[in-house]
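Peer 1: Sequence:
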Amino acid sequence: MKKLVLVFAILFALPAVAQTDNGWEEWQKTSCYSHIQFRLKFVEQRGEQYVWKVQFKNTYSNLISFSYHVTDEPGDYSLTTHRKVLEKGATSGEVEVFTAKEDIFLVVDKVSFSAYPTNYVDCDQ
Numbered sequence: 001m002k003k004l005v006l007v008f009a010i011l012f013a014l015p016a017v018a019q020t021d022n023g024w025e026e027w028q029k030t031s032c033y034s035h036i037q038f039r040l041k042f043v044e045q046r047g048e049q050y051v052w053k054v055q056f057k058n059t060y061s062n063l064i065s066f067s068y069h070v071t072d073e074p075g076d077y078s079l080t081t082h083r084k085v086l087e088k089g090a091t092s093g094e095v096e097v098f099t100a101k102e103d104i105f106l107v108v109d110k111v112s113f114s115a116y117p118t119n120y121v122d123c124d125q
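Its first residue numbered 1, the sequence shown is counted upward by one per residue in our numbering.
Don't read these hints as lab results, they were simulated from the structure. Computed from a predicted model, the values in this text were never measured in an experiment. No residue lacks a Cβ here, since even glycine has one placed at the ideal position from N, Cα and C. It is possible that part of the hints are untrue.
Said to hold, decoys possible - Across the chosen pairs, the derived CB separations fall in these ranges:
#1 Ala115 / Gln49: 29 to 37 Å
#2 Asp122 / His82: 19 to 27 Å
#3 Gln28 / Leu63: 15 to 23 Å
#4 Asp122 / Glu48: 33 to 41 Å
#5 Gln49 / Glu87: 26 to 34 Å
#6 Asn119 / Arg46: 34 to 42 Å
#7 Glu48 / Tyr116: 36 to 44 Å
#8 Asn119 / Glu73: 24 to 32 Å
As the list claims (entries may be wrong) - Quick list of in silico lysine to aspartate or glutamate cross-link-like pairs, EDC-like style, CA-CA up to 16 Å:
#9 Lys57 / Asp103
#10 Lys53 / Asp109
#11 Lys101 / Glu73
Start from the sequences, fold in the hints, and give me the full structure.
Peer 2: Structure, rendered in structure tokens:
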């Protein structure tokens, strides 16, 4: 009877563990700013486009703002087209992005300790 209860408990525990991340990758630090983290989630392929979701987390002890760009080409970081503001310790909502290839690359730059793109912080890594 103990074996049956143990197997039953394991069968119910596995789906709970698998659902906790809902397909999200682990949090990663950006290559330049150790206190800005991100995670990615592959959603689906729609025709010839790949659909992803990205979230950002601010582990600085201040409000920050930063620019970011998502691309499917390595080295295609010449233009950051989106800006995000996060309170200290905050996690952003999910942002849906599209790529033409299965690869995805993310760049974060123009980090500021204000809601405005001024007085940029130097890279800390």
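Peer 1: Against each hint, give a clear statement of whether it holds in the structure.
Peer 2: Going through the hints against the structure:
Taking 29 to 37 Å as the suggested C-beta distance range, the pair Ala115 and Gln49 conforms, at roughly 32 Å. At roughly 21 Å, the beta-carbon separation of Asp122 and His82 lies within the given 19 to 27 Å, and the hint holds. Between Gln28 and Leu63 the beta carbon distance is about 22 Å. The supplied range of 15 to 23 Å therefore holds. At about 39 Å, the beta-carbon gap between Asp122 and Glu48 stays in the expected band of 33 to 41 Å.
The given range of 26 to 34 Å is respected by Gln49 and Glu87, whose C-beta atoms sit roughly 32 Å from each other. Between Asn119 and Arg46 the C-beta distance comes to about 40 Å, which sits within the given range of 34 to 42 Å. Remark: the range hint 36 to 44 Å for Glu48 to Tyr116 is upheld by a beta-carbon distance near 38 Å. Take Asn119 and Glu73: their Cβ atoms lie about 30 Å apart, and the range 24 to 32 Å holds.
Straight-line distance between C-alpha atoms of Lys57 and Asp103 comes to about 22 Å, which puts the hinted pair past the 16 Å bound. For the proposed pair Lys53 and Asp109, the alpha carbon gap of about 19 Å is over 16 Å, so the pair is violated. Only pairs whose Cα atoms come within 16 Å are accepted, and Lys101 paired with Glu73 is accepted, the gap being roughly 8 Å.
The structure fails hints 9, 10 (numbered hints given earlier, in ascending order).
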